[in-house]
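Protein chains: 2
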Amino acid sequence: MCRKWLVDAVSERRAEETHRQGSAVAVLFTLLLTTTILTTWLFKHRRCRLLHETGLAMIYGLLVGVVLRFGVHVQPDVIDAPLSCVSNSSPPALLLNISGRLYEYTLRGEVSDTQGQDAPNAEILRKVTFDPEVFFNVLLPPIIFHAGYSLKRRHFFRNLGSILSYAFVGTVISSFVIGVVMYGCVALMSALGHLGGDFFFTDCLFFGAIISATDPVTVLAIFNELRVDVDLYALLFGESALNDAVAIVLSSSIVAYQPVSSSSHSFDGGAMLWSLGVFLGVLSGSFALGTAAGFITALVTKLTRLRDFPLLETSLFFLMSWSTFLFAEACSITGVVAVLFCGITQAHYTHSNLSAESKKRTRELFELLNFLAESFIFSYMGLTLFSFQHHVFNPVFISGAFLAMFLGRAANIYPLSFLLNLGRSNRISSNFQHVMMFAGLRGAMAFALSIRDTSTYARQMMFSTTLLIVFFTVWVFGGGTTPVLSYMNIRYTHIYTITQISYSQDSAWPIRLWYTFDHNYLKPLLTHSGPPLIKTLPACCSPLARCLTSSQDYQVKNTHLYPARRCLVSEILALEL
Amino acid sequence: MCRKWLVDAVSERRAEETHRQGSAVAVLFTLLLTTTILTTWLFKHRRCRLLHETGLAMIYGLLVGVVLRFGVHVQPDVIDAPLSCVSNSSPPALLLNISGRLYEYTLRGEVSDTQGQDAPNAEILRKVTFDPEVFFNVLLPPIIFHAGYSLKRRHFFRNLGSILSYAFVGTVISSFVIGVVMYGCVALMSALGHLGGDFFFTDCLFFGAIISATDPVTVLAIFNELRVDVDLYALLFGESALNDAVAIVLSSSIVAYQPVSSSSHSFDGGAMLWSLGVFLGVLSGSFALGTAAGFITALVTKLTRLRDFPLLETSLFFLMSWSTFLFAEACSITGVVAVLFCGITQAHYTHSNLSAESKKRTRELFELLNFLAESFIFSYMGLTLFSFQHHVFNPVFISGAFLAMFLGRAANIYPLSFLLNLGRSNRISSNFQHVMMFAGLRGAMAFALSIRDTSTYARQMMFSTTLLIVFFTVWVFGGGTTPVLSYMNIRYTHIYTITQISYSQDSAWPIRLWYTFDHNYLKPLLTHSGPPLIKTLPACCSPLARCLTSSQDYQVKNTHLYPARRCLVSEILALEL
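For the protein sequence lines, the chains are D and G, in the order given.
Residue 205 in UniProt numbering is what sits at position 205 of the first sequence, and the numbering runs on without skipping anything.
Residue 571 in UniProt numbering is what sits at position 571 of the second sequence, and the numbering runs on without skipping anything.
Don't read these hints as lab results, they were simulated from the structure.
None of the values given here were measured: they were computed from a predicted structure.
Every residue gets a Cβ at the ideal spot worked out from N, C-alpha and C, and that includes glycine.
Any given hint might turn out to be false.
Below, a sample of chain G positions facing chain D; criterion: calculated Cβ distance under 8 angstroms [unchecked claim]:
id, residue
1, Leu38
2, Thr40
3, Phe309
4, Ser332
Whenever a hint applies, use it, and build me the whole structure from the sequences.
Structure representation (structure tokens):
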């Protein structure tokens, strides 16, 4: 009994100590972010556009990493000494997060394996290491939702065809090109005797998928300040938001590709088909879930008058969007992807139902969450360069990766732009294409995907190389955007009043079909805009239509002379855009 | 090797399953909150003030608890069957949160002990049970910060003396009275043979501390709508915000009281002194930390011009406030209490340095966080009545607790009001006193304190009883506020233009001293208001004063004719209020 009490007291004390240390680590990160914010302010105050806040956050993270690795000297025994009587239990794991998964500060499986060849401050470095799943379950969702929610709807939907081509076809091309180049590179390394472990073709394709996820943050921040051409902005933003989704689903499908004889790693048709099934299933499932959540929120905000109570409205909006993520995770679909589609749907339908106050509140809330999550990820990236203890830096692989990255991006942008220009009246100029090529920065998503699994030699090398690619692109490309844009002479121009009509007339038929459907059925159903459902739905559905048209709709719409049942696309576009 | 891979795969699958279940539980709670929001809207829409959203949240939680306990039938074997080969490892614990501590869904120590006499759906009920520390580290901090940040400064500081008396002296009196009454009640139970375990006098005092934490939410929401007298509002709000802090520190000091011979539980002078030391140390430490964080944020926002960038300003504000909590936890002081003082300081100094945009953003952000956290706690409370599997309901103890609660509150309010009225020119009328007596609802803090430790018989009985007290006070007192207020004839009155001067002249000397110090030194140092530091500081400090006076201060203050170095208190108050 007394012994049990003693053990309880000791384990209680240990839990307390772990909590104390966890809080101290969290204080470290909040101070890091605070410093980043103050420096960002200083840069903005002095109108210095050389370095974006993400670049700054990385630098500070890097500095802290250096200090922790080389500057602090702690006797490893000191920390655990008073508790050493129970120290042969599991290693002190510090767990965090909200949605239920185990998030250990300690990287799983590495503690006991590698204690021999650890860095000098292994204990401290382990304490500042998060479980990689924290990125997917806590930090990426608000970032991705924010990207979807802040897509400039008008320009996004006008360029939908091109955006989808770049994001879907382009990302697959890019992944494949990078995969092939890296396979050649790995073969070269193997011939040179540089390869220290297995590296299969699927690994190369996986690396291709990781590195194809571009991050628009830095470049778009500068675009915003410079007020760059809205169509270019929409293309770039739309592409990089959607290609994150494609990259994440693609990489998980490649992981799902397990040849029947797992030792051979030869091509297996059945496994390939299974992979393709996973890709399409997860993508369409996430799409269905995200849009369904958006539709439900839109309907609720339309049919109730929550707009009189902005706090309730904002809370509902937040909860519904968050539950999309949770629901997708509970169904074993990718929550991050579902959240993107949810964000786009919320922006397209729900946003117009919200009160002016809630519109502002929701935007600001997600802007804040996005800013904090992003700053945290980038500063953590900087820290990781020194705190991660199993880096594999190989000059040949790194050079190959940089080359592959450029080739992959080029194989995405230039051929697709050429093909798209055949159908577009508002052509994507070659200057635009160069900027899109240049603006292909790699950021939070590439990092999160690469840190997710660092158990094998191949994955460790990929992780280290991805880290370098992110640093390079954010600092060099991010810093170089302003000069490049002024060199390319791309500025804000008032061309869209002309383009909207010309584009509307010769847009591809699926896009036109979507526009008609959206304008005649979805918008009247989910928002207070568009022609009343009673006019657009067939006569047999009129009881349903009457039920779904709110009294507000009647009032608003009876004062307008809306086009009759089948509107012309050009008229719709003229009204919408 | 192959076996290791198999075990890895199985444990991976188990982690995935746990994550999936965790997400499903989170979906359940978001849907609960969404339903609460929609019903709240319906009530507000129909102007029904019978039930506050907290009361509603409890009802929904209760319903879900009933369904989970009696409505769902799951074969316990089904869940774990595919993984049963490793099921003799630790029980499936689902962990959550941000700041580092282990938050297990399973209540520690109860899983293996009590599997024999569990409720029908023990497995499911365990899954919806959170580690109680989640309340202290995730949910209470935003609620308490919000309380501090939204204290109406003007009326709060005008009634500071009374508020401090009620919160400090009153809470201690109330805890002691409740403790003594409960000790009598326990003696009676023991005589009747109703007592099923140990129940010491310290347990009674602990119960007194828990039950003395009043929650202003429901009553104040109604006060706000009815625009009740501002002084009464300030007294009630200030008291219930500060008495939370006192209750939390008091209860932890009682826990720290460990007589040297732990088996005897007789009075021990040394332990008593140690307890007192813990009480004063934690309280003053939290106060120092919270105000220091507020001062630093105020200085930073004053000296930089972050106000041009509301996003950065809001982020900084959020991070600094959060780091107060983390820092306090890292120093083993109570973070929740530190956060309260931080909130008050931020409201008093930093708030006036913020841009109009950030003022709005920070208020809205914490309003949202507070709303979500509070709705969650109250719905969880409802759920717990059925999901908690070790309730001890004893009619004698429950009746005694209700009686003790009223006596404790009465012993706090009436004698103190009598004493305070001797010194106040703006007397607290007997109607006011009755309302304060009536408005002593018990809410989130009482619940969180009682659920923190439910390992012994005494604590389980306290927890069950606290739950009933919360339900009763929220539903009956909360619902009855409107009729009581109209019966007591307490409405918004414009009396404070008269009271401010009369009160300023005969306020107690410590309050007057504080006012002078705050106005002459702190305000000029930390904000852009008040007389310039150069005038108020002694001549020897003028270099320092010049350094701390921003150019903006010079500009602003040179255009005003400020009173010379030593202002009269009455003048200061006339300027401030």
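Here is what the structure says about each hint:
1. Leu38: Since chain D brings a Cβ to about 7 angstroms from Leu38/G, closer than 8 angstroms, the hint holds.
2. Thr40: Given a least distance of 6 angstroms, the restraint on Thr40/G holds.
3. Phe309: 6 angstroms, holds
4. Ser332: 6 angstroms, holds
Violated hints are absent here; each numbered hint is respected by the structure.
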